[in-house]
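Colleague: Protein chains in written order, with my numbering: chain A, 1 to 380; chain B, 1001 to 1257; chain C, 2001 to 2304; chain D, 3001 to 3363; chain E, 4001 to 4238.
Check before you lean on any hint, since a few could be wrong.
Said to hold, decoys possible - Mimicking PhoX-like on lysine-lysine, the simulated pairs with C-alpha atoms at most 20 Å apart in a straight line are:
(1) Lys48/A with Lys5/A
(2) Lys2173/C with Lys4131/E
(3) Lys3337/D with Lys3359/D
(4) Lys4110/E with Lys2173/C
(5) Lys3314/D with Lys3337/D
To be verified - Sample of chain B residues lacking proximity to chain E, with all beta carbon distances greater than 10 Å (derived):
(6) Thr1031
(7) Asn1039
(8) Thr1056
(9) Leu1062
(10) Gln1086
(11) Asp1159
(12) Phe1240
To be verified - If we take Cβ atoms under 7 Å as the criterion, some of the chain D residues that face chain A in the derived model are:
(13) Thr3015
(14) Thr3065
(15) Thr3069
(16) Asp3152
(17) Gly3177
Simulated from the structure, these hints should not be mistaken for laboratory data.
Even for Gly, the Cβ is constructed at its ideal location relative to N, Cα and C.
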Amino acid sequence: MPARKLIASSAIALVSIVLAAIIVVSEEQWVIAAALVGALALSFGIAKTSAGQDFAALLQNSGPWIALLIPAGTLAIGLAFHEEHFALMMLATVLIYSLACIGLNIQFGYAGVINFAGAAFFGVGGYTAAVLGNTGLPSLLILLAGGLVAAAIGCILILPVLRTKGHYAALITIAFVLLFRSFLEVNHTLGGPQGLRVEGATIAGQELFMGIEIGSFEASFYLNYVLLALVLLTIFFLLARFLEKSWIGINLDSVREDPIGAAVFGVNVAYWRIVSFVLGNVLIGIAGATFAMMQNFIAPSNFTFQQSLLMLAIIVLGGIGNLWAVIPAAILVVVVPEKLQAISEYRILVFAILVVLVLRFRPNGLFPRPMRHFRREVGQ
Amino acid sequence: MTKLFEAENVSVRFGGLQALDGLSLEVEEGTIIGLIGPNGSGKTTFFNTVTGLCRTVGGRVLIDGENITGLQPRHIYQRGVSRTFQRSRLCLSLSVFDNVVIGRQNSLDLTLFGNLFRRRRFVESVRENHEQVHALLSTFSEPLAARIFDPLHRLNMIDRRRIEVCRALIANPRLLLLDEPSAGMTPDETHEFMGDILKVRSDHPRMSIIIIEHEMDVIQRVADHVVVLNFGKKVAEGTFDAVVANPWVQEAYLGTS
Amino acid sequence: MAILLEYLFNGALLGVIYALVAVGFTLFFGVLDVIKFSHGDVLTLGAYSGLGAFIILQFLGLDIPFVGLVIVLAAAILVTGLAGIVIGQFFVVPMRGSPAFNILLMTLMIGTAIHESIRLFVPNGANPKAFPALLPRTPIDVGGAYLRLDSLLLLVLGIVVIVVTNWIVRHTKLGLAIRAVAQDGDTAQIMGIPFRRIVLATFALGSMLAGIAGVMNGIYYSEINFNVGVLLGVIGFSAAVVGGLGSIWGAIIGGFSFAALQTVWVLFFPELSGYRDVFAFATIIVLMTIWPTGIIAERYSERV
Amino acid sequence: QEKETVKIAFIGPLTGGNSATGLGGRNSAQLAVNLRNADPATKYRYELTPLDDECRPNVGIQVATRAATDRSVIGGVTHYCSAVAIATVDVYHRFQLPVVVWGAILPAITHGNDFAEVHRVNGSMLDESEVLVNFLSELGYKKWVVIHDTTDYGSGYLKILQEKLAGKDVEIQATFGVGADQQDFSAELLRVKEIDPQIVVFAGLTPLGVRIRSQMDRLGVPSQFAGISGIMSVSYHEALGNLAEGTVSVHNGAPLESLPQGAMFVDEYTKARFAEPPEPYGPYAFVATDLIIDAVEEVGPDRKAVRDKLNATKDHTSIAGPITFDEHGHNSVASTKYVAQDGKWVRWEDSLYAKGERKLTGL
Amino acid sequence: MSGNLITSNIVASYGSARVLSGVSIDARPAAITSILGANGAGKTSLIRAILGLLPTTEGTIELDGIALSGLSPHARVAHGLGCVPEGRKIFPKMTVEENLRVGAYLSNDKEQVEAQLKKVYQTFPRLNERKLQFAGTMSGGEQAMVSIGRALMSEPRILLIDEPSLGLSPALVRESFALIRDINQTGVSILLVEQNVRQTLAIADYGYVISQGTVVAQGTSEELQNDAEMNRAYFGIR
Ligand SMILES: Nc1ncnc2c1ncn2[C@@H]1O[C@H](COP(=O)(O)OP(=O)(O)OP(=O)(O)O)[C@@H](O)[C@H]1O
Ligand SMILES: Nc1ncnc2c1ncn2[C@@H]1O[C@H](COP(=O)(O)OP(=O)(O)OP(=O)(O)O)[C@@H](O)[C@H]1O
Ligand SMILES: CC(C)C[C@H](N)C(=O)O
Ligand SMILES: [Mg+2]
Ligand SMILES: [Mg+2]
């Protein structure tokens, strides 16, 4: 890539990170509003200008090293604001939701398996963390267990999901998330509507609820969770990226676009649907467990249909199937309602209108998924 | 010559409609069968039945003597049957390469481990496959091969048709089913296209083809043997000349008498 | 025996309300293949417009029994119809060509905006509001069962509305056009069908149904709140899908089944009444597994 | 010279189904702040930071963290919904933000921990249910059906009721758990009709209470209807009209009118022209805010000092009567019996029913 | 006289790719005008532009003196355009009969519609047999019949037909060409896009040859047939 393009792309990346930092950290209404406008302009810019397209191509087609942008950006923000508990919590929340939404993207964006029960699987992960929390198991194992249990419970739905299509499949998962919450609320073995306390994570002997102190550097303990979520997100982001750019990715796409045609060419449609559903749920479950540990508490009202819709809103607003887009969209959906606290009772209304406007002017999401190709791999 | 494919008394119904009615058909290795018949006579349905998309209510379909009736499409594909569709079925949002390479299911590494963790090997296999797909596309059209990483929706109908055939050919099937490959092409284009298909086949002399066509020039040129359907039954068969001479075919199908 | 009759009757009434919402959803699946998640909130809007009209009537001192009903219904239909047109014209038609899912999210957020606006801008909007008794509440005795005249009238009204809608969709040119537009907008246009007008007509029609359902709901429960639509929306959607999309009968069957599921559970396991939605939704999952395209299965299946 | 600004966070449901009470609370807290700021004698200028917990624990944790980690916030007036309040106590403890709960009545919020930061002015279910049980059984209601919402509030209440009734001559013939946003109760209520209890006791909030009461009428269920503090809002009457008449209920604390400064609150609230009514819990939000301000005035804007000051609160006079925090930071409140009469909640003792001029049903 | 369709210098693009660069044709009243050309030449795009489905950036389209440019597709159709689109475009989830009735959407005369329906059924007996079958499950050729039948239902002044013979059996190809001639005989103008050059020129009065979005030749069918150069270059007839 010629130097000029590289410089332009770096500039765009930098601007993106700065805008993200402003939205996550700032408490000034006008600053945030301006940053949001800037972000929207950036989205148009990336879609419409050639420098923007170069940048998008860079994100999409470079080698795996490009994923380093995520830790780089996050660490820059995290370290710069290492004492801001709330900002760091928002940052960690964004990372966790991004992780979950990458799971949803594997399901819906790639294989076309619709999942309105994201919040339920997120919840399963969380409850697993709550139940296993005081068994003394290592936290990382608990996180993994959260993912596996979510996937296992998801397996109840495999048969119905395989048999149905479109709106019918949507109903299956909608029914499941409603059922899940309703069940948790009336059944008291898992704390009922009251919810459960969750042990915080302890990794390598370090309790994550203790802030880091190194010499004069003192950081909020939320920085620990930012780091944990960041590691998880980076790993799974990379894996999901590999998945997309692989033979499996092509299979998943063909399963989504034309299952009958795919089957005739030997594609095992049911198998790939199951794989994507299970993999997705693992990610969502791990995210849920991480979230529960960070929040220290979970209750059924965290895991509603509305919550599922918000998760789906992240992948739709970002651009279905685009992994990168998940992160800015998660910032929009997770952080903005929090930032609107100053207008208290009007915030949901304003948020709804904001989403409507974004969709109205970017009907395919902020950053639609670019087509996969292997130009770099074959040396073109 | 050995018998590759055999349909015995195959029957298919859609509600009250008998779409295939005790149809029997044999294909020797390395031959090309022309399948013709009036609209709605069951030709496409026959292909759908062979590839496992339609349920039979009677009869059997055999490949190499093995009964494949009722198997799932992907299992039938694994036995070397591939096809094109009358109405093209390609993934419009994917690239040309993706659309064709999907046809190589059997030789792709589809394990999670291989795809996620052995990236170097994956890149190598991309190169190999790219070479193969590119070579095949080039046989049909150089400009098309140059557009291997273009999204499919930017291509015109004839290029799409070519890609469908390439997808079906890429895995070197033993039995290739072509459903009206030349529809919508000018005679010139048709001629060239069929020439390309025959060229590929000449490298695989044991490949058999069943081709559905309404274009008699094509049938005359490529088919070793012609089968005529009407109302799901075989009403005539033989060499092209013999079939065309059949009075029923002349009257009801060709409309020439 | 009498109590059984009461169960049946009230279950039926619930079923009609669900079915009415479900029919609305079915219509929208018809056009543009949209899950219009704002449907429930449009219903709420209908109920509040009706209430508003009533308050104005009262203010003017025009408190005449059946006239009140007609005017309240008219107001609800007018407002929801307009809302439907606005949503269709400015938010859904321009989204044509983007993934169906994006449209879903769009309508969902519009719905949220509608009910949030009601909560914020109607005086004391967060509180439940009394809905006027627009129909006579005379008790009637049917074989010892206690029923009320207004319930009976509502049941009839609901059935009439559904039947009329079905007739419009199945047997009028508008219906034909709606279905044509749904399947292929461009081709419908070159058959001379005014695409935009038909889409908007469908949005108006579907929204009016929601408006009527909102008023009926208000009369039936004598109470409305800004949140009524949300749950009714989910249930109506479930009913439409379980019944089988694309068929009004499916919506009706779905509506009644859902009501029956809830009622039957409480009837047989009163001490576990909290589990009734768990039961209803679990049953739905099972039903969908048995009939993957709804109880009235879609007859059409794609050919290759 | 400029006064230093001290921030106090208010947290409650400002959106969603419970926002009526939340907004009433916010207004009342705002009123407390405004009244103090109007007083030239105060040492600091106070600023209220209202935050919305949507009555959802996850949101609650977020906003609680937000308030607790903002160093300029010295105290918090927190939560109406028990599920949120119980979820956030850890946060306040961890970040050492002294808070006073203004609406959530689940006992465990104060009693389930020994966090010095958490206080509550509005009593608990324990206080309230005691009065309810005695009230109803003295009236002669021996056969009850309890309908409760399945949130912590309703089902927690049910549990406590069952405990309190043990050994009493009262039979709970059936209990029904209902969803917090359930619309239709015909199945449950027809079942109630079959059982034919003397009284239907409802543990939940106004919206559900309204629906159940009106559907009882529609289905011809003849039993008496009783509620708890959750239904005691102005809107219960607005939404039910005549049907509200005769509903009995209990509520933490004494009626404002009966308190020495209650009238002052009502007056000032009206003068301030808020868009929403204070709702029954508004006064407690007012009191909670006042307590924090008093503490700050005395010990300055220091969280630890304010916390200790609050813990020492004893017989502090307030518009809701004297406030005393026990070792859990809990203020017990004597509950009052009410009956709905002519579109208002009237103290039972003052009502026409107690005088025998009107009759309850079901007996 | 009616059914005179004139496009002058129309230009249209898909995104940045120009497909029509100044196409002028004149489909005379009551005549059969053919559009010929290789694949991807822009024939279908021309039809779509006339119908208003593909926006034109320059040029005008007129039917019997009425300017169509700027009108929405349904309004153009209301002025007397009828169409058999490329790829059939039947409504798959409607029955055959419903498909035909959609074709008559603009007609308000019930009896007229019934009479027309009967006529279509006479022309295509297969459709009569399959009235209640979902059109989407018909065979390729049967769908072609539905599409042609549907266009006839509207009794247009000019019929735009895009590759009617595609997928039809040889006998039906003959019949459909005969049918087109018959329709034309009743006074309807025809604009015919076809790959089947010989048969097209046999029934057409006038023809245009399009290549890469421009008209490269035109003339009466005879002139075109006799132009050896033309035959080699565009029709692949040797
Ligand atoms: N899914 C289905 N449901 C109902 N009828 C069907 C279905 N599929 C095919 N048919 C009918 O079966 C008959 C055979 O169809 P088929 O597609 O095999 O014909 P064909 O010989 O390929 O005709 P064409 O040359 O027109 O493509 C047709 O009459 C068609 O209408
Ligand atoms: N939707 C589209 N987007 C981009 N390019 C398109 C689109 N549709 C057609 N094209 C391109 O426009 C050119 C003209 O296409 P058109 O369909 O008009 O040709 P045609 O003459 O009808 O060909 P055919 O004989 O294949 O029907 C082709 O090169 C095609 O690739
Ligand atoms: C009436 C209120 C005190 C009830 C409150 N929602 C709680 O959860 O405690
Ligand atoms: Mg066919
Ligand atoms: Mg064309």
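Colleague: Now tell me if each hint is right for this structure.
Modeller: We went through each hint and held it up to the structure:
1. A hinted pair counts as satisfied when its Cα atoms are at most 20 Å apart, and Lys48/A with Lys5/A qualifies at roughly 15 Å.
2. Distance restraint check for Lys2173/C and Lys4131/E: the Cα-Cα separation of roughly 18 Å lies within the 20 Å cut-off, and the hinted pair is therefore satisfied.
3. In summary, the hint linking Lys3337/D to Lys3359/D is supported, as the alpha carbons are separated by about 16 Å, within the 20 Å threshold.
4. At most 20 Å may separate the alpha-carbon atoms for a hinted pair to count; Lys4110/E and Lys2173/C meet this at roughly 11 Å.
5. A C-alpha spacing of about 25 Å is found between Lys3314/D and Lys3337/D, which places the hinted pair above 20 Å, so the restraint is violated.
6. No beta-carbon of chain E comes within 10 Å of the beta-carbon of Thr1031/B; the shortest separation is about 24 Å.
7. With a minimum CB-CB distance of about 3 Å to chain E, Asn1039/B fails to clear the 10 Å threshold, and the non-interface call is violated.
8. Listed as outside the interface, Thr1056/B is consistent with that label: its C-beta sits roughly 17 Å from the nearest C-beta of chain E, beyond the 10 Å cut-off.
9. Listed as a non-interface residue, Leu1062/B keeps its Cβ farther than 10 Å from every Cβ of chain E; the least gap is roughly 26 Å.
10. A beta-carbon of chain E comes within 10 Å of the beta-carbon of Gln1086/B; the shortest separation is about 5 Å.
11. With a cut of 10 Å on Cβ distances, Asp1159/B falls inside the contact zone with chain E, its closest approach being about 8 Å.
12. For Phe1240/B, the non-interface assignment is confirmed: its Cβ lies about 14 Å from the closest Cβ of chain E, beyond the 10 Å cut-off.
13. Given the 7 Å rule on beta carbons, the hint for Thr3015/D holds: about 5 Å separates it from the nearest Cβ of chain A.
14. This hint holds: Thr3065/D has a C-beta 5 Å from the nearest C-beta of chain A, less than the 7 Å allowed.
15. With its C-beta approaching chain A no nearer than about 3 Å, Thr3069/D sits inside the 7 Å limit, and its interface hint holds.
16. This hint holds: Asp3152/D has a C-beta 5 Å from the nearest C-beta of chain A, less than the 7 Å allowed.
17. Evaluation of the Gly3177/D hint against chain A yields a held restraint, the C-beta minimum of about 6 Å falling below 7 Å.
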